[in-house]
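Asks: Respectively, the protein sequence lines represent chains A and B.
Convert by adding 210 to the 1-based position in the first sequence; the result is the number in the working numbering.
Convert by adding 58 to the 1-based position in the second sequence; the result is the number in the working numbering.
Check before you lean on any hint, since a few could be wrong.
What the hints assert, rightly or not - A few chain B residues facing chain A, derived, Cβ under 10 Å:
(1) L172
(2) V186
(3) V200
(4) A204
(5) G207
(6) E360
Hint data in this document are derived by calculation from the structure and do not stem from the laboratory.
Quick reminder that beta carbons are idealized off the backbone N, C-alpha and C, glycines included.
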Amino acid sequence: MNEKSIKKMALRDNPFYDPSLKKRHASAKRFKLFTLTCIIFALSFLVFFLGDMIVKGLPAFQQSYMQVDVTFNDKTIASTRRAIDKKYRRIVSRAWLRNIPRMVEKNPALMGTTQSTWVLVNHQVDQYMKGHYYKIKDKDLKTVQEVQEQGKIELRFNKIFFTQGDSKIPEYSGLKSAMIGSILTLIVTMVIAFPLGVMTAVYLEEFADDNRWTQLIEVNINNLAAIPSILFGLLGLAVFINLFGLPRSAPVVGGLTLALMTLPIIIVSSRAALRSVPDSIRQAAYGLGLTKVQVVQDHVLPLAFPGIMTGSIIGLAQAMGETAPLIIIGMIAFIPDSPGSIFEAATVMPAQIFTWAGMPERAYIERTAAGIMVLLTVLISLNALAIYLRKKFEVKW
Amino acid sequence: MKAFESKKRHNELKEQIIKFFLITAATVSILTTFGVLFSILFEAIEFFQMRSFWYFLTGTEWSPGVPDSKFGALPIFAGTFMITFIAMAVALPIGLGSAIFMSEYASPKLRNQLKPLLEILAGIPTVVYGFFAAITVAPFIVKFFAFFGIHASFNSALASGVVMGIMIIPVISSLSDDVIQAVPDSQRKASLALGMTMSETIKAIVLPSALPGIISATLLGLSKALGETMIVVMAAGLRPNLSWNFLEDMTTVTVRIVDALVGDHEFDSPDTLSAFALGLVLFIVTLILNVVSVALIRKFKEKYKINTL
């Protein structure tokens with residue numbers, strides 16, 4: 211008899227031996243494995259998703275330029291297409307050529323000369339350069355390949371993406387007007403939501419008696435947080451635009467709508483911050499003869515401020531990524547120029563992403579993904595800032 | 059002495075004014091909720107004055123924009139239900155599994171690292187999920203089923219449902235994790251001492267104790283799925299489609315709301331106002347889900363006398 215079978219016999223003689231034990235342990239292991247698989251699946255999706263966006267979006271940060279002779283004279287200013295050789299006309303970007311009069315205006319010395327200039331090429335050639343699917347006539351493709359052999363076409367950093375607004379010409383479209391629209395909208399949001407949210411939190415935590423009215427407010431805030439965002443868009447449309455007559459598509463309407471959505475986030479986090487300030491601080495202040503307002507204003511609020519800021523930044527980040535209500539109030543208009551004030555038509559970054567995602571040209575796909583990368587970078591930075599603030603100013607009482 | 063008293067009176071006035079401002083601020087949240095409710099309700103009532111309320115709930119034909127327009131929202135509700143069901147089928151097992159792993163198996167250190175990572179999923183803007191569903195997931199599903207010779211639409215309910223499910227994972231995992239964590243340790247120890255394995259303890263003791271909280275988390279996820287807009291606008295269809303086949307294109311309440319309100323519209327046509335009728339349904343359903351969810355969590359908190367949730 212070997213050792214194994216002795217062990218087996220001993221087990222069988224053991225009165226506590228349960229033959230189902232092996233099965234139960236195996237099932238326990240399987241269950242643990244299942245839960246582990248779940249979390250690995252969720253996290254690997256995150257990795258796959260971010261990787262997918264980066265792979266799709268990175269090419270958009272580069273754009274093809276070609277070196278050709280550009281003639282500057284009266285004729286070419288009148289009809290910019292004639293500024294370059296006929297052979298290259300279908301390769302360069304129409305949008306770039308429109309800049310020729312402006313270039314001459316800026317630098318009059320150019321007039322009457324022919325300069326070898328790096329010119330933006332159109333999106334089909336750009337897609338060809340990046341090795342994507344392209345649609346170019348054979349004749350033009352030959353020209354492009356010729357130029358390519360001479361080294362006169364190359365990929366450069368895509369400055370246009372950050373310095374231009376939206377455009378119907380893919381290679382000339384950028385995120386700038388949407389960024390400015392986002393900033394204006396979020397300024398309106400925070401100017402309204404931050405004081406209102408903090409004041410509500412202060413009232414509920416420091417002043418309110420526990421009566422019906424207070425409970426009603428609390429239940430309300432809870433429900434407000436659970437209302438689907440698109441319904442805030444309906445509110446914005448029916449109240450701010452139809453009733454108050456505010457301009458459609460304007461950051462002021464978008465900001466107001468987002469403010470109402472951000473309000474519960476700021477209230478909840480501010481209340482938590484106020485609650486974490488120990489009562490001994492309040493008692494000490496009362497003991498020195500301060501009034502209630504003085505206690506809150508000079509002692510409780512400053513101590514709770516880092517927590518309030520953290521919550522507000524997280525609320526800001528959420529408002530920044532919100533799209534649905536803004537679509538309803540018309541902030542998906544085509545906005546080539548940056549809005550100058552909060553009453554002009556504007557679009558925001560996520561809405562711009564939505565618009566580009568619906569465009570038929572393939573060149574917009576990489577721009578959409580690049581826009582997503584920019585948006586996610588801003589959001590991650592905001593959240594990192596919130597975490598940093600929390601870590602730095604966190605006080606353990 | 060006199061100067062002191064006048065200052066005191068001045069202070070009292072100031073206190074009253076500040077308190078008044080604070081109450082006013084707190085009232086805004088109530089105004090907002092009622093603002094949302096009434097702005098939707100009034101327009102919806104206007105709609106139901108033009109069209110039959112009964113046909114809206116039970117009719118099967120939705121054809122706005124034509125002279126003889128019909129507004130039967132049943133196919134839209136069915137599409138919403140189908141996509142929400144797919145989303146929950148993805149989110150519930152994965153979210154709950156992740157929550158169990160984080161609270162029962164992972165070390166506190168690992169849990170503190172995993173939780174924020176999962177919450178990144180909740181922080182990604184929905185428009186980004188929509189793009190991902192439309193550009194990456196939908197073509198993959200079409201190719202995958204074409205391999206088996208089954209036709210799938212590029213706007214299939216499956217694509218938007220799956221991506222929506224992934225978005226909802228953190229909603230379910232985060233709250234469930236908190237609730238499971240809150241189940242008293244004495245229950246676990248008693249069960250383990252009786253010779254139960256870890257998984258038996260979780261299934262027979264911990265999960266039933268945490269059930270109200272888990273249901274609450276599920277309802278929150280459900281309400282989020284019903285109200286989700288961007289993913290379905292970008293990846294699901296526009297056509298109201300009453301079908302059981304999740305590979306066909308389907309539309310949802312939110313898609314039809316966006317479709318009715320984008321672009322120029324007049325506020326007296328039933329086409330535009332139908333969006334508010336759909337919005338009213340969405341508002342009522344999500345409100346009920348939220349109220350039930352909050353009540354369940356409160357019950358759980360009272361049972362174990364905890365205040366941290």
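Asks: Hint by hint, note whether the structure agrees.
Replies: Verification of the hints:
1. A least Cβ separation of about 6 Å between B:L172 and chain A falls short of the 10 Å threshold, and the interface hint therefore holds.
2. The restraint placing B:V186 at the interface with chain A holds, with a minimum CB-CB distance near 5 Å, inside the 10 Å limit.
3. For B:V200, the interface hint is violated, the least distance from its beta-carbon to any beta-carbon of chain A being 17 Å, above 10 Å.
4. For the restraint placing B:A204 at the interface with chain A, the shortest Cβ-Cβ distance is roughly 20 Å, beyond the 10 Å limit, so the hint is violated.
5. Taking 10 Å as the C-beta cut-off, the interface hint given for B:G207 is violated, the closest approach to chain A being about 26 Å.
6. A distance limit of 10 Å between C-beta atoms decides the matter here; for B:E360 the minimum to chain A is near 16 Å, and the interface restraint is violated.
When the structure is compared with the earlier hints, violations turn up for hints 3, 4, 5 and 6 and for no others.
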